[in-house]
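There are 2 protein chains.
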Amino acid sequence: MTNPTAAMLVIGDEILSGRTRDSNLHYLACELTKHGIRLAEARIVADDHAEIVAAVNALRGKYDHLFTSGGIGPTHDDITADAIADAFGAPIGPRADAMALLAAHYERQNVPFNESRQRMARIPDGASLIDNPVSIAPGFTLGNVHVMAGVPRIFEAMLASVLPTLTGGAPLLSQTLRLMRGEGEIAADFGALAAEFPDLSMGSYPFTMNGAYGTNLVIRGTDPARVDAAMLRLTALFG
Amino acid sequence: MTNPTAAMLVIGDEILSGRTRDSNLHYLACELTKHGIRLAEARIVADDHAEIVAAVNALRGKYDHLFTSGGIGPTHDDITADAIADAFGAPIGPRADAMALLAAHYERQNVPFNESRQRMARIPDGASLIDNPVSIAPGFTLGNVHVMAGVPRIFEAMLASVLPTLTGGAPLLSQTLRLMRGEGEIAADFGALAAEFPDLSMGSYPFTMNGAYGTNLVIRGTDPARVDAAMLRLTALFG
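Chains as they are written, first to last, in the numbering used here: chain S, 1 to 239; chain F, 1 to 239.
No lab work stands behind these hints, which were simulated from the structure alone. Glycine included, each C-beta is placed from N, C-alpha and C at the ideal position. Please note that the accuracy of each hint is not assured.
Taking CB as the label site, the calculated pair distances span [stated by the list, open to error]:
id : chain 1 : residue 1 : chain 2 : residue 2 : range
1  : F       : Asp131    : S       : Pro112    : 53 to 61 Å
2  : F       : Gly93     : S       : Glu196    : 21 to 29 Å
3  : S       : Glu196    : F       : Pro198    : 58 to 66 Å
If the Cβ cut is set under 7 Å, some of the chain F residues that face chain S in the computed set are [said to hold, decoys possible]:
id : residue
4  : Leu16
5  : Gly18
6  : Ala42
7  : His49
8  : Asp125
9  : Leu129
10 : Glu156
11 : Ser204
Derived EDC-like pairs (lysine to aspartate or glutamate); straight-line CA-CA distance at most 16 Å [stated by the list, open to error]:
id : chain 1 : residue 1 : chain 2 : residue 2
12 : S       : Lys34     : S       : Glu156
13 : S       : Lys34     : S       : Glu185
14 : F       : Lys34     : F       : Glu196
15 : F       : Lys62     : S       : Glu196
16 : S       : Lys62     : F       : Glu51
17 : F       : Lys34     : F       : Glu156
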């Protein structure tokens, strides 16, 4: 598949301790699939400067895009912006347009724009801001890295700002055949069919229902005619 | 913290395409936290031999344990066992005890033990089997890598077999103070407190309720007395 590729880096102790169940990865996966960008890898790391820097540099070099979530708030454990700056060797400091956005926001709320809140205007040099219609504090894009908030509602809003600016490919299509037969029964024929369609990706996902084994057979690809052709063959085999 | 460390590797195109929402990572995170093993990193890769091998070798070298999920069924996209064997440079083939388990299982079900199903008895040399009370086909442990199924019910059952065999540390405790105040308001004092307790991990997690901002302040550590001491200070500051 020649679609653009992407990776995701989820940043936060709370995901790895089990305190918080991440939902941004699944959301991003669905949105990128619709946009024709192939999410090829994801990593989750703790709030650890060196780990974030290493993961950012590994992933931004390997894929067309890297999306990060988490660690851009006002508290001491929000260390993502500095880590991104370090990964790029870029200076970082308070940025005038971000400061102005936040100052106006807190003035409207009649809340002091204190030093902690000013931290959210620290943006690496050379970045462009990502709009945050929910709570104003912006994300940013530096090179091919899109740095977004961890709070799902804000992550989703930021993604909605970023995604239209990225060149997608043909949408990644999928069709599913649901069978009440065990995987082991259909594996040989399904594998042979997959080998005949090397341009498609075929996967088999077992489930149980009322104690009986079933399998979802999924065909994925970008060419609708090929996906249709494979699905016709599949239904002829098992339908 | 001197607790043992672990990583997780989730294997499967279906997670990255958004077709399936992974739940094993969150489950593993919670179980390891109770057992005193610190989940330090997670990765999700596609059904790609080279990617799996590279991730397994990176993670098994860096952490005390690596748990994998997915890719050990009977179909052509189940390539995890071969990738693990390759990562260790270990031979792989059908193993007598696994073959016997599966043969008896399918005989009881009056279902043919065909070539596809026999693939599930392919185990790298030197591994020990992980019991699968749900659908019999075993997982395995090779070195410090625990290879388990992707279906959540089976993953959870396998983890229940493996976890008691691993040496845990002191359980990772956490206490939470829930405040109806924004993060930016408490960030400076909270950060100063975190700096006073470098042996603990303190995190701040914002939420909104009925349009108002709130923050969960979380203190984590293994020494109950230290966690209590920090929580007393925290409630004195903000309670």
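| field | Pair hint outcome, Lys34 of chain F versus Glu156 of chain F [Cα-Cα no greater than 16 Å] | value | Holds: Lys34 of chain F and Glu156 of chain F sit about 15 Å apart, inside 16 Å.
| said: Verify the CB-CB distance for Gly93 of chain F and Glu196 of chain S against the hinted window 21 to 29 Å. | reply: At roughly 27 Å between Cβ atoms, Glu196 of chain S and Gly93 of chain F fall inside 21 to 29 Å, so the hint holds.
| Within 16 Å, alpha carbon to alpha carbon, are Lys34 of chain S and Glu156 of chain S? | 15 Å, holds
| field | Gly18 of chain F as an interface hint toward chain S, with CB separation required under 7 Å | value | Constraint on Gly18 of chain F satisfied, holds at 4 Å.
| request: Mind checking the alpha carbons of Lys34 of chain S and Glu185 of chain S for me, to see if they're no more than 16 Å apart? | output: Not OK: Lys34 of chain S and Glu185 of chain S at ~32 Å, beyond 16 Å, violated.
| Status of the Leu129 of chain F interface restraint (C-beta, 7 Å, chain S) | 19 Å, violated
| said: Given Leu16 of chain F as an interface hint, is its Cβ closer than 7 Å to any Cβ of chain S? | reply: At about 5 Å, which falls below the 7 Å cut-off, the nearest Cβ of chain S leaves the hint on Leu16 of chain F intact, so it holds.
| Was the hint right that Glu156 of chain F lines chain S, CB cutoff 7 Å? | 14 Å, violated
| task | Please test the hint of 58 to 66 Å on the beta carbon pair from Glu196 of chain S and Pro198 of chain F. | result | 59 Å, holds
| field | 16 Å Cα cutoff - pair Lys62 of chain F, Glu196 of chain S | value | 39 Å, violated
| message | Hint Ser204 of chain F vs chain S: min CB-CB distance below 7 Å? | response | Hint holds; Ser204 of chain F Cβ to chain S Cβ min 4 Å, cut 7 Å.
| Does the structure keep Lys34 of chain F and Glu196 of chain F at a Cα separation of 16 Å or less? | Not satisfied, since the Cα-Cα distance of roughly 26 Å exceeds 16 Å.
Hint compliance for this structure: hints 7, 8, 9, 10, 13, 14 and 15 are broken, all remaining hints hold.
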